[in-house]
Amino acid sequence: MIPARCRFSSAGKMSVSLDIRLKRANKVYHEGERVSGVLLVNSRDALQHQGVSLSLEGLVNLQLSSKSVGVFEAFYNSVKPIQLVSSNMEVVKPGKIPAGRTEIPFEFPLQAKGNKVLYETYHGVFVNIQYTLRCDMRRPLLAKDLSKTCEFMVHCQPQKSKLQPNPVEFSITPETLQNVRERSSLPRFLIRGHLDATSCAVTQPLTGELVLESSEVAIKSIELQLVRVETCGCAEGYARDATEIQNIQIAEGDVCRGLSIPIYMVFPRLFTCPTLETTNFKVEFEVNIVIILQDDHLITENFPLKLVRV
Amino acid sequence: MVPLFPALCCSGLCINMTVHIIFLYMFYVLHRHSRARKYEAEVQMCRLEVSAVDFSDYHPLKAITVTDSKARRGGRKGSTSSSSSSSSSVVLDPLSSMLDGSDPLSLFAAVSQTPALPHSISLGRKRREKEEEVGSDFEPWSSKRGEILSRFTTTEKLSINLFMGSDKSKASSPSSAVSEKVRTRLEELDDLEEGSQRELLNLSQQDYVNRIEELNQSLKEAWGSDQKVKALKIVIQCSKLLSDTSVIQFYPSKFVLITDILDTFGGLVYDRIWSMCADPHPLPESFSADDVNDTAKETCLNWFFKIASIRELVPRLYVEAALLKCNRFLTKSGIQETLQRLTAMIRGIGDPLVAVYARAYLCRVGMEVAPHLKDSLNKNFFDLLATFRQIHGESVQNQLAQQRVEIPIYLTLYSPAIHWILQCVAYRAPEVLLTEMMDRCKKLGNNALLLNSVMWAFRAEFVAMRATDFIGMIKDCDEAGFPKHLLFASLGRSLSCADPPESERLSILNDAWKVITKVRSPRDYINCAEIWVEFTCRHFTKREVNTILADIIKHMTPDRAFEDAYPQLQSVIKKILPHFHDFSVLFSMEKFLPFLDMFQKDSVRVEVCKSIMEVFIKHQQEATRDPVILNALLHICKTMHDSVNALTLDDEKRSLSLLINGFIRMVSFGRDFEQQLSFCVEARATFCNLEPVIIHLIHTVNQLAMETRCVMKGNHSRKTAAFVRACAAYSFITIPSLTSIFNRLNLYLLSGEVALANQCLSQADAFLKAAVSLLPEVPRTISIEGKQRSSEPFLLDFINNFLSTLLVVPDHPEQGVLYLVRGLLNMVQDYTWEDNSDAKIRVYISALPLLAAMSQESYLYTIPKVDSNETLYGGDPKFIAEINKLCETLIGQVLDHLKGLGRDEGVRRQGSLAFSLFGCLLAHGDLRNNKLNQLAVNLWNLSHKHGFCDTRTSVRTLEYIKHQAQLADLSHLSDMTARLSLQSRT
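Chain order of the listed sequences is A and B. Mapped onto the UniProt record's numbering, the consecutive letters of the first sequence carry residue numbers 1 to 310. Mapped onto the UniProt record's numbering, the consecutive letters of the second sequence carry residue numbers 1 to 986.
Be aware that a few hints might be false.
To be verified - Subject to a maximum C-alpha distance of 16 Å in a straight line, what follows is the list of computed EDC-like cross-link-like pairs (lysine to aspartate or glutamate):
(1) A:Lys220 with B:Glu394
(2) B:Lys542 with B:Glu590
(3) A:Lys23 with A:Asp145
(4) A:Lys27 with B:Asp244
(5) A:Lys93 with A:Asp145
(6) A:Lys220 with B:Asp244
These aren't lab readings, by the way, just hints derived from the structure by calculation. Computed from a prediction, not measured in an experiment: that's the story for all the values here.
Okay, chain B solo, but in the shape it has when bound (with noise of 0.2 Å):
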């Protein structure tokens, strides 16, 4: 193919030329077409009117202020002025004074909330009046929850035993008189009909979990098909569970998913109540038993009375305390009154281990109905003391014997409960009840499972002041009981929320990890000693956390223990890092590093790892050169960079090169450019594989180059010259790597930038060309967010960018003139662009204005001590008049599109085409030529001769000419404006 834009001037015209644009703009004169600008003025008529305003006066962002001097005549039109009779008002914002100042959604909620919600099923969500006792301080029960049935769990077979029958019979026999065979029989039956039993034997913890969600499931559907007398059932033969202790280490989760039904129940017979009130309007959120009407005070005394003949201990109990606060209904004192009657009847409960959690639920109850009867709360408590030799009994004993359970297990099942109703009695408790609670648990003989729980439930800072206290009884402990690093697993966790006093802190972390380094068995000792990590980098020094680094490596090196305990080593980490935010510091702890490499798991390293470079990142102030931090630092973001792989997920990639970036970014060698480059060098080797990276990289490098300019003050020497030309080769060999083309394009012109603004003229020269030789490879789509999108807007972003450039970049004095002009565009025609695009026409109109501007004598902009065109050339009539051909054939080609767009659907875009060629010509070509007028004129008809030309544009171009017509040297366009007409849309 003949290239259009033959680099030397070929002798003669080109040969393709239609007759129709012959008639068009047959102008061989040697004059420049272009019109002849004077920048500078230009820039000075465009500049916004300069009005002059007194400050003090006006600002715009100072509020309105009006004056309102009519007001006195009285509100005429009764809008806002009438309103205001003093002499000046500042003048409301009309948005928030519509709403009152308060925000519109939180209006609503206020307005749906007091009459609906409250008194729903969600025990949790309490009243106004609740809040002022329970603050969100208190850590609530269903935050217990889920930690209570992960902890404790069997493996051990389960079964449920129910009996939907009267209670009479099941009295006077024993469930297990019934003989196998019926047993079997009654398995079958799925229902939970009058008279019937269920076994269910061999189930599984998880068959467990299911049949006790099924029976909250057939409560619920029970009490929606008014069946009040089997959902009560199901509630009693579900409570009735609880007093079964086989399987024991499953039994604070029974209790939690049992609970979970008896809070259902309660919640169903309060509102069911709760509603019976709700004629003719509903009850008050404070009522009193006054409010209630007789038929709901019957409904609930009927509720009563059948709780109260529930034959066993148990059930009856726990029924009755779940509809402990359907006792608002009947009398004011009847919460009070229950409450401790209930915790009177926990005393018969002869087994410690139900008895501890029948009180946990009740406080709980207690809590959530009547935060501010504290009287029950502490009698429970004391009531636990007083039985708790029964822990240790003889019954228990033999249980544990059976069930093969041993001691120190047995102990840890109590801890929630007891953690629950210490919780309760501390909450808010005046320092002179712990003391005394406290006293009394000292009095108990190994009270080490009070005293956990003392540490985990009372406050932090009364624990803090008193840790040596406690450390010295738990010292006193019994071996055999409560496993003491559990003890100092509680001590720590109150001590990393409360300081103590200061001058005991280093006896107290002595004396702790005195214990800790004993534990034999590495979980317990990882999950007691992370927990003292948070108190040792509170109150020491890089030395004592080292000590401790150093001790946890020693424990969990055999037997490569640490790979059972990443997320405690990992928590380690987490709780170090806010402490040390100097990562000299950090860095220069020996067994930092050392540490780090017992995470041989990969995930688990790469998340250590981005960890570390998010508090760098993060706390990191200013750019460092400290080799201890780089070496670190950088080995850090190669295991990153390294756990990437061909199965790695494109954000995974894009977060870690964020960090890595973060890196790169914080490290400078100040005015050693050298040693930045080589940094850079041995970066690009090491995050070969994360493109954001390598891109940043070349960022860095092309920065660097800027900024030696800028010390140099633009006059290289030819040190830094030979340096800033080492930048340019690194970028130049580094881009080809990159896999996304218009990245490599992109960064291409900007190094080609650089290099120009460096005087590196042939690395320019390179990079351009590149540049231009890449761009027949642009595909036609690209991906962007994993959608196939058109390649072409990019492309026209580029290529304009492109062309912008190329108007400081002087030729090359071996090859011809204007020869990236002509390589750009000869690549621009043979690129495939899309079918029925106009992309190449719109490349070759906006390549004029270009052409307009190098024809120039003093260039719009120049890049200092780099010599344009238009000093290489001097205005010479030659350089004009290959420009002037050059227009000439773009010209042509423009004009042979719009000819080929003359049928059908072509119009429109004919009609565009040729508004935006006549818009270049109006602003660059020279109207006085005739012949160049005439063609405007005859682009401008073209493109209204459709009427697809938008009529306010037209006009405003119109307004333009005539505005600009008015200047001296452009009187000419005064002509042509009574040429071009406005035609109406037909």
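Isolated chain A (complex conformation) (with noise of 0.2 Å):
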């Protein structure tokens, strides 16, 4: 709600609220459907303005990591963002909303820009998709403009390939890990499992099993660490950066050895969406599954994941 004052009002105080409210609850839109809902203005007087417009845009915004250039380049030199959509109307022409509660529909055709494509909705570290409405209110002198934004999402039609599903068995020893430096002094331990699939839809959880068939020592977690590997730039250069989305603990403490233990994550929305590559950026993701040894050893078994949307 933005209060707007008026200064030389006799009433003194006079409170307007402008709101956006999409007709679909979970604010989801594909491409090529209406992006409907209605404006939405409270007022307690007659609301004097000169007219009201609305306009809709998705930006691709990338960012370049500090570690891949220098402090500086990376503030300055963040590359141009991508409009994948803009259009603007006029909703009301200049003239007077009436006291009280002023409900005004609207309706948007979703259509990409030219040859463009309408890519989901993901919100990144060093990519964003994002796709806006916005609402301005413009008001004769003495009165503040009001604008209002409202974020909505977009998913890409669901793609035809079907979704094999291509389970992947592991096993984890300290024979098979990389990166070690003194491999003897590791403590003997087997854990065997398998990911139920790492082509997954990014609208069902991650699942699988993982059994602790032995351990020399006692475990103190194991997590699944969800990942994301974003790529900004071109062939000539890039930058592939690799972060945490989130963390789930899905053992705690020292577990029963033979027992298998469910491996369950739900992929977070607006932070993860199909897997995507395009000619400027690219957003992957990978699954670490890490256990802790109470000893604190860490032992990370590393899986890519190809999201699709079914």
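Could you use the hints to bring the two separately framed chains together as a complex?
So this is what it looks like as structure tokens:
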């Protein structure tokens, strides 16, 4: 709510609120659909204005990480945003809005600009794909213009290719580990398990099982680490960064040997999207199974994931 | 002061008569002033007319049958008669017909219940469809709650670590890394703001409980002020505490406290989403996901996404379980799927104690939300069995060593959770499943813990049938693990509810007792023994019970161990009593009284005595003279009596007296009256501090005298005469020890009547004289139920009662005529009545009917074998004259008083007194006497003079007089009616 004050009005305070209400509760739309809803104006007194306009915009924001380039470069040379969709319309001509609650319905066709593709909404660190509706009410002198933005989600159409359930078996022992300095000092352990699929529907949880067959040292914790791998740039030079999205503990303490422990993780909305590969940027996902031993040894097994929308 | 009623007739008139009165009643005729009465004829007249009734037709209680002949002509009046065209119909009770036969309250309750209540936070109360699944025979969690909280306590210091920030930084730096300085600074922050961390150290258990309760409150506040995220954070932080097993012996209580918060949270979220669907009309109780609107679904989904991203396993598990019910909003199968998933998820919890409680919580939520889903319950139990070896794992051992907790104590921490899981699993489960579960338990080595829970949670009948098997299994258990006496206690608990096969009972008892008697610690021993007493009492005779009592005495006596075990010992008594209603058997148990001797704390001993007496009074059918019972009970009653001291509350005294009276009532020596009397003597000595008991004893003795009279059919022999005199003597010397004056007065009167009935004239005289001489001591106010009340109404009651007795009391030969009447009236005169009270005059007026009755030729009532004054004087004119003189004096007094009332406020009282004197004269006076007639008329006029007279009473009185005047010998009344005028009120 944006309270607006009219300094010279004899009524003293005048409160006006502007809001955008989308028709769909979950705010999810697909390309080709119509984004519809109402503008909601709440005003105590009749409201003079010079037009209400509504704009819809879809942007991909890319940012180079400070790791790949110098800090200042990262700050200034952030890659130019890519506009996916943009349209504007005047909803109400200049005039007066009566006192009380006024609902102004609107409808936008959701159509990509030119030959662009509407990527799915995604909030990442270096890549952000965001769709917003913005409503502006211009008002006469001495009154602040009102504006309101509202994000909505875009999901791409279900991918045609059928999802192949491709289970992955794994088995972790000291021998399978890479990056080990003194292999001999490692405690003995054997962890087996499987992921039901590495090519997952983004709406379905990641599932699987894990069995601690044996371990010399007590287990402290077993975690699933969901990682996003974002790549920005093009063929000549690109930056690739892996960052953690979330970390889900699936076992705590010294678990029972030989008993299967479920692997289960829900992909968080907004922070995950179907694996994306374009000319300018890429968004990929991986999962790490992290086993922390009582002596703080860290054992990690990495699995690249392919997320799709079905 | 000159006595108004001189014992011997003083010559001449009383001097102080006023002129005013003289004109009213100067009549010195020697014939009776009182009307001659024919009591029998009057009684005959007063009887209701007998009318012949054909009983086959009519009975007052029979339903009224209306034969409706007019019905066919159509409903003219449109009322009930028109509705039935059948020839006859039983008229409905108007009340029940209105209500359609059902109770209005339950009707309202049923109406209000449907839309409003059941979805609310109280998860315990469930919808009807659930009631099919979980009945009242399922012991609810709420009843376990308190038990766990009181059982698992600690004196060690606890800590709460709350971290309200985001989870990520926590993951990188464990809390211990925070420096001491920062920690103390943060401790001061008393709010739960974003990013704040609090670690509360050194909390006592009570502090801890309070803190958790505060968190519960701040959860509700946060929710109420729409800070949903904060609420969720609080819940997550709280459930995180459940993965912490430091101060392990407190863990079960911690679980209870924190799951309370989770329940609150689950209720809040569910209600919130439910209310989102309430527009336009509330969801039906049995709604499906299709009825839920998109906004509510989205909100619900949001919650689940939020929870799914909780980093740590234990909080994620608990919070999701708390919101289990919300799955109903999304999909039909959601609850089932979630239950299965969460069940599997618990496998990830390494600490067996944390895991088992998580399972208990899941089972609990599952039973509440979806009791029909048994699979996940069973799965939980089988998973529990699969991870059972964890309990003896290395990390547990290390932890115990660190915390210095012993294995047996550690194992008992599991009991509440395993009990609960098994209770859920076993609830209405088929026999096959139970058998399978038991077999699985058997296969696990060292399964005492499980065995205990199986016995606790499975149906008592199931356990009882296999009691011998269970004993075998208990014997096989490892000594070092779970304490065996607890196992036997659990078995005993089952056996006290269900019966094992008859042939095995004795061997079961022997096997069990062999182990129990070896238990060293008196506390453990008595806890276990107490349970087995029930089984023994149910199936065995006094011999076995006696043996057990002996064993208990043997164990509990050394070092006065019984002092710490009073509740258990009391419970032993309570278990024995219902099985031995025959008190001769009970008291013939050698060890019963020695057992009672163990109760050496006064309050407890009295409690026990009371419970014994209650059972005795309830179950003793007929009076007894069994010396064993009498001795024992006398001893018990004496114990109760001796507990009375200056500080004893009145209520306590009353209840003790009630019990002792109950006992005295049950004592009867049949025809051996003398022994009964001597028992009463003994009882008086024993129970001298309890007034109600003394009163009861006096009544008993009086009754004894009357029974004697009955047996002798009214003709006492020399021996029985002496006996009844002894009874009278008993009463006479006992009554003065009472403190309540009215009790004394009434008992004197009653005992006097009894003495009179038994022809003990001098004793009767003594009683009545004692009563009269006691009158001046009656205080003007007495305390009734703690309030000061005027004693006047009681005194008037008593005097009236006394007067009616005096009719039959013959005059003492050595004292003057009407000695007692005069004595009483003198006392009444001298008594300091309340100011402005007419009580004295009312006594005078009510003495007039007595005097009238005394002047009759034959009295209204007499006592067989006792010559009343009618026979003594035989209507002697002198006697009549005495009576007349007394009457005159009395009337004179009344008239004096009336005159004094003639002013101011007195007129109302004057009217009423005048009217009652009029009534008295009308009923008892001989109104043929002109003067008396004139007096009556004057009184009538006086009473109507100021218009305070109740007109209806006057009219009715007048009608009565007219009616009477039709009788032959009362025809003179008709003249009088002419002179009695009704005055309209001015």
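Here is what the structure says about each hint:
| no. | hint | in the structure |
| --- | --- | --- |
| 1 | A:Lys220 with B:Glu394 | holds (14 Å) |
| 2 | B:Lys542 with B:Glu590 | holds (10 Å) |
| 3 | A:Lys23 with A:Asp145 | violated (25 Å) |
| 4 | A:Lys27 with B:Asp244 | violated (41 Å) |
| 5 | A:Lys93 with A:Asp145 | holds (15 Å) |
| 6 | A:Lys220 with B:Asp244 | holds (13 Å) |
The structure fails hints 3, 4 (numbered hints given earlier, in ascending order).
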